[in-house]
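The whole structure should be built from the sequences, with the hints applied where relevant.
Per the working numbering, the very first residue in the sequence shown carries number 1; after that it's consecutive.
It should be emphasised that the hints constitute simulated quantities derived from the structure, not laboratory data.
Remember, predicted model here, so these are calculated numbers, not experimental data.
Hints are not guaranteed to be accurate.
As the list claims (entries may be wrong) - Pair ranges (Cβ atoms, derived):
# : residue 1 : residue 2 : range
1 : 25        : 88        : 16 to 22 angstroms
2 : 86        : 27        : 18 to 24 angstroms
3 : 21        : 65        : 17 to 23 angstroms
4 : 52        : 10        : 15 to 21 angstroms
5 : 7         : 52        : 17 to 23 angstroms
In this text, a Cβ means the ideal position worked out from N, Cα and C, and glycines have one as well.
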Amino acid sequence: MTGVPLNTQQEVLALLDEILSLNGRAATFTPATPLLGAIPELDSMAVVSLITGMEERFGITAEDDEIDGAVFATVGSLLEFVEAKLAG
Numbered sequence: 001m002t003g004v005p006l007n008t009q010q011e012v013l014a015l016l017d018e019i020l021s022l023n024g025r026a027a028t029f030t031p032a033t034p035l036l037g038a039i040p041e042l043d044s045m046a047v048v049s050l051i052t053g054m055e056e057r058f059g060i061t062a063e064d065d066e067i068d069g070a071v072f073a074t075v076g077s078l079l080e081f082v083e084a085k086l087a088g
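What follows is the structure in structure tokens.
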């Protein structure tokens, strides 16, 4: 994944680890790591918590029409979403 500052990636991974209670597993994730459908902890309620957590941690607003399964397909797609929101 080019162009994603390491700190943003680390923050997203920390948020995943925290919200999904992965006990450090997220530290091994790469941008290619599949999320939705691959990590049992990532259910619909966790997605809502993750969106809220991203909004709070990054100071972004995720509109309902911007959120779909593709955003949560992989770590990389989630990073791209956060980066796009941060870029304004």
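Now for the hints, and whether the structure bears them out:
1. For the pair residue 25 and residue 88, the beta carbons lie near 32 angstroms from each other, so the given range of 16 to 22 angstroms is not met.
2. At about 22 angstroms, the beta-carbon gap between residue 86 and residue 27 stays in the expected band of 18 to 24 angstroms.
3. Checked against the given bound of 17 to 23 angstroms, the beta carbons of residue 21 and residue 65, roughly 29 angstroms apart, lie outside it.
4. A hinted range of 15 to 21 angstroms holds for the C-beta pair residue 52 and residue 10, which are about 19 angstroms apart.
5. Evaluation of the 17 to 23 angstroms hint for residue 7 and residue 52 yields a pass: the beta carbon distance comes to about 21 angstroms.
Hint compliance for this structure: hints 1 and 3 are not met, and every other hint is.
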